[in-house]
Amino acid sequence: MLRQVEGSQAVARAVTLCRPQVIAAYPISPQTHIVESLSDRVRTGELTSCEYLMVESEFGAMSACIGASGAGARTYTATSSQGLLFMAEALFNASGLGLPIVMTVANRAIGAPINIWNDHSDAMSMRDSGWIQLFAESNQEAVDLHVQAYRLAESLSVPVMVCMDGFVLTHAFEEVDLPSQEQVDAFVPPLVPQQLLDPADPVTIGAMVGPEAFAEVKYLMHVKQMAALDEIPVIAEDFLRAFGRASGGLLKPYRVEDAETVVVALGSVLGTVEEVVDAMRDDGLSVGALGITCFRPWPVAEVREALGRAKRVVVVEKAFAVGAGGIVGQNVRDATRNLPVDVYDVVAGLGGRPITRASLRRLLDDVVAARVDASRLHFLDLDVELVQRELERARHGARPGPHAENMLRDIGTVASGAYE
Amino acid sequence: MAFQQIKLYQTGTFVAGNRLLDPEQRSVQARTGRSNSLTSGHRACRGCGEALGARYVLDAAMRATDGNLVAVNSTGCLEVFSTPYPESSWQLPWLHSLFGNGPAVAAGVAAALRAQGREDIRVVGQAGDGGTVDIGFGTLSGMFERNDDVLFVCYDNEGYMNTGVQRSGATPPAATTANTKALGGTPGNVFGQGKSVPLIAMAHEIPYVATATVAELRDLEYKVEKAMTFRGARYLHVFVPCPLGWGAASADTVKLARLAKETGLFPVFEAEAGTVTEVSKIRRQVPVEDYLRPQKRFAHLFGDQPRPDVVARLQARADRNIARFGLLPEGDE
Amino acid sequence: MDKPFAITLDVGTSRANKTGSWRTERAVYTNRMPPCNDACPAGENVQAWLYEAEEGGAGYERAWRKIMADNPFPAIMGRVCYHPCETACNRAQLDEAVGINSVERFVGDEAIRQGWTVSVEVPPTGKRVLVIGAGPSGLSAAYHLALRGHTVTIKEAGPMAGGMMRFGIPRYRLSRDVLDAEVQRILDLGVTLELDTKVGDLEAVRQDYDAVFLAVGAQLGRRAYIPAGEAAHVLDAVSMLRDLESGEKPLLGRRVAVYGGGNTAMDAARTAKRLGASEAIVVYRRTKDRMPAHESELREAEDEGVLFKWLSTIKQVDGGRLTVERMELDDTGFPRATGEVEELDADSLVLALGQDTDLSLLDGVPGLVVEDGVVAVGSDMMTGCPGVFAGGDMVPHERSVTVAVGHGKRAARHIDAWLSGAAPEPVARPALATFDTLNTWYYSDAPRAHRPVLDRARRESTFDEVVLGHDESTALMEARRCMSCGNCFGCDNCYGVCPDNAVIKLDDPGGKYLIDLDYCKGCGLCVAECPSGAIQMFPERI
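Sequence order for the protein chains is A, B and C. So that you can map any letter, position 278 of the first sequence is 439 in my numbering, and since no number is skipped, the others follow by simple counting. So that you can map any letter, position 25 of the second sequence is 26 in my numbering, and since no number is skipped, the others follow by simple counting. So that you can map any letter, position 199 of the third sequence is 358 in my numbering, and since no number is skipped, the others follow by simple counting.
If you are wondering where the hints come from, they were derived from the structure by calculation, not from laboratory data. Because the structure is a prediction, the values reported are computed rather than measured. We put the beta carbon where it would ideally sit given N, CA and C, even for glycine. One should not assume that every hint holds.
What the hints assert, rightly or not - Taking lysine to any residue pairs in the SDA-like style, the calculated list, with each CA pair at most 20 Å apart, reads: (1) C:LYS162 <-> A:GLN243; (2) A:LYS385 <-> C:PHE164; (3) C:LYS671 <-> B:ARG119; (4) C:LYS664 <-> B:LEU329; (5) A:LYS379 <-> C:LYS664; (6) C:LYS162 <-> A:ILE572.
To be verified - A few chain A residues that don't get close to chain C, going by computed Cβ distances all over 10 Å: (7) SER318; (8) VAL364; (9) VAL370; (10) GLU377; (11) SER447; (12) ARG494; (13) PHE540; (14) ARG554.
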């Protein structure tokens, strides 16, 4: 049923249709509309047989999900940014225990400086947590990925994180085709826990494992994630059959077959990227795009296959490893190892800065014209002058003060006036 | 005392059992059919108070729930000594997640059971004092505030024993630990820090809060059993001496717990909905020195440069508890 | 469940980890000697029979049988024993000693009420043993010898059995029904009692028997030389008490003086009151706290209005009047004459200055040694003459019924061994269960129950028993005050306090506990928290 609906409401509805039994959440922008909506749905009875715990922190939220999942309940939580970091310890624990928890991450930048707007720093910081990470391009895909996430999580006993861009998607009203309860019930069978806290058949969950078996436990986690690379496409195909809609899967190639230059990106920016690709194709340029839906596990073979004929790969990502470079870029470089291809790391859209068609076009034109050095990290639309002034100040003053404050003063932001 | 006085003059209510008692009047621990929720082969130190306390609590809870019990355990000695792969000492469904999240995990288990219509299965969360009063305190307070249907048990041995005996928010003043040594002008842990989680729990006005020690088994079992008659958040703070961390003889574990109560340093009481309802009176009052002397962590108070002033301050703490909770029998105050 | 590897484990699997290998010391269930047992002259296993009595109901008979294994007179003991067990009782250091004697009386009386009996469980040995004297010592020996299958004949000079229990202890302290019942139980074992049969010459009869036990007692009242006028009425206490028991009411007058400070003096004075004396006064040369009389007898005498004149000796007796000299104690506590005299009205004077033994029957017995008027015996109660044993008041020892009973038992054991040619089984005497071996925290505060006593009015006019027995519930409560020093009483503490579940509680009713050495780490908590000190730590041999 097609409806014009806010992304958060659509996701809340999708989650509701998956019949979680325990929801534990702590509010943080821009995740709030999702969990508020779920609270409404539990209160109104739209979502029955569900306990909603309004916990004291994200750490508590994930912990409650761990307990609930251990007790055999289907669980859900959502968070963003700092909240995800506050969960960090529990994220590793949930994956280590193999608990099929599903979580939405409404992607948001991480401070300091504090910033509520979208980028992927939060999800990327947790890329090694043992969670499966799926990135939604649109609200429709966000809805669909949640339905698929439950099936995936429970079939492999592994936690799944569905990432959707904060505000860009969560707060956007779009037309979304929401499935029916019958469809979802048919697609997501009741949970059969791999391990269960059951007085009738007691087990000890969460043992301490020493050097003699720790590596094996971790290896088995890796094997499970590798299995997800096979499972995810199967689920996507099933989904297509059941819902008549292609959604999910590992990758989203767009006009890559013959492209010499391919843009790699995750999340909602893909729409913009595809528009730029179309425009450049219209100009006769051989450009394509590769969307990464499944970032963890990293589909290394599929990415290599998709990029096998490209000469230039431009990875546009909303996060980076400070002091090192691109994160997705490193993974792409790994996937294209020994191929005759240059991989460009481009950091874009940090802290909610828009990634415009014009900027992307400019970037790609430069790349095609070999005006960009593939060995260096690039920042899209960086205010070079501003940065230079700050660096200059640092060279002269013994104590230049915080960069953020200085630069805000330079660009004349109202808030900074208070400090003068 | 709130529990039934048994008219058996030889040993009264103080021993575990007694052949002369009706089986129903014997403590859970006196029964051959007790569940031994924490069974043999665990790697706790000799004379471990926490191992003892955990079995006391869980066996009583198992009995009160007819075996329909799930335990959640925070990281700490209890978790480590009971579950090194490939051996578990637990004989009930048991889940360990992290150090600081026991109460939240337990709340999640309780929520899951309720969602599944299995409210007949009850949940006990358990942690040491570090996992309760410090790192787990946020999740504990949240669990209290939400009134989740969990009995949370703190086995208080007054320090981070698992990591090598460091100070916690439950370490008493003047006690030496690995990071509060008897160095400098204020030997041992400082005065004026730390917190009483039982009192903080009461401030949440949860249905039931109680303190107990491993020295008074029947009182402890009574409190567990009583806690299980309530729904909602309940808190039980059990005093469990640590021979290793306190520098005490392994055979003195129960004695030290007894002295902690008899000096007034550890008040034993019950509270319902934020109000103290019962106090376990001191039976044979002793000065704090009797409690302090057998412990190496207080040895600096009695060494070459004795510190009667510090002992007096500790006595003052005991006296304050005695006055505050009315710990002396009627007529002695 | 297909459980995840390593993270999820099967329950209870740690039992594969045998932590017993950590142990450097091991806990062992032991028995220490309870001080009551240690102090009992009759060798009763007091703690053990209290343990049975604590159960009530069927436990009383088991308790009685445990007493009877050592002492055939539980009901008599419960009346006349001066209970050194209570003096030794560890509970006295906690609140007040357990009223062991009162429980023994209850159990003994219960046996008489219920008609419980003992029987000889071994085949006859064919050995004949002569016991001379049917007092407590002789009867005790006869009882134990009979139980061992020997043929026992008692020759008693008097008209009735009981010795001092009948002719020395007044009825108000020991009901004759009780005495008769307990004596009869011994005779019912097949012991031959020949009354009015004084053995004048042991050598004449000795060869008819395989062994002899002498227990003739000490019944000659000791006389002191006191100048007496013609009208003076002086008699000795032993004779007076014996005559009374034989039906002769002595003529004492309205004012009676008793000379001496022992139990017999108390009995004489109290008897005088009952016989109608308006005034009975005890004259004693030392002070009250130096009196040899048992504290209970003194208290009861005082309660009954007996008067005392301390630090006094009698210099002269005339009709109706005594001359008394005041004494004072020197630094060593010895009384010295002061020369100050006074006069005291008295219609008669009863001498209670001690008793001697009539040893004339022993003339000519080879090897037998008499010293200070008593017969020397070894620790096996045998005299210098092989096969001739002696006990009770006629051997050098404290004189009491209980001591005499103990002698009888010990002599029987050694006679039995002597007759069979084997050494007697050694008696184990483990280390004493001193107060500091107990963990008294576990014992409830429990005030002692004291026995009721007869109304004062009736005590002054009748020979009814003064001290009454406990009812069942009181006796039971008193039994349960026992701390079971040094011996397990099944409190389950060790089973409860073991952090390693290494104490196994045996499920059968008589069963106790075992240390599971697979898991015992040797922490010692069971030892520390055992109320009765019945577990001890011993180093492991490593």
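Consistency of the hints with the structure:
{"no.": "1", "hint": "C:LYS162 <-> A:GLN243", "in the structure": "violated, 34 Å"}
{"no.": "2", "hint": "A:LYS385 <-> C:PHE164", "in the structure": "holds, 12 Å"}
{"no.": "3", "hint": "C:LYS671 <-> B:ARG119", "in the structure": "violated, 40 Å"}
{"no.": "4", "hint": "C:LYS664 <-> B:LEU329", "in the structure": "violated, 36 Å"}
{"no.": "5", "hint": "A:LYS379 <-> C:LYS664", "in the structure": "violated, 43 Å"}
{"no.": "6", "hint": "C:LYS162 <-> A:ILE572", "in the structure": "violated, 59 Å"}
{"no.": "7", "hint": "SER318", "in the structure": "violated, 7 Å"}
{"no.": "8", "hint": "VAL364", "in the structure": "violated, 5 Å"}
{"no.": "9", "hint": "VAL370", "in the structure": "violated, 5 Å"}
{"no.": "10", "hint": "GLU377", "in the structure": "violated, 7 Å"}
{"no.": "11", "hint": "SER447", "in the structure": "holds, 48 Å"}
{"no.": "12", "hint": "ARG494", "in the structure": "holds, 33 Å"}
{"no.": "13", "hint": "PHE540", "in the structure": "holds, 42 Å"}
{"no.": "14", "hint": "ARG554", "in the structure": "holds, 53 Å"}
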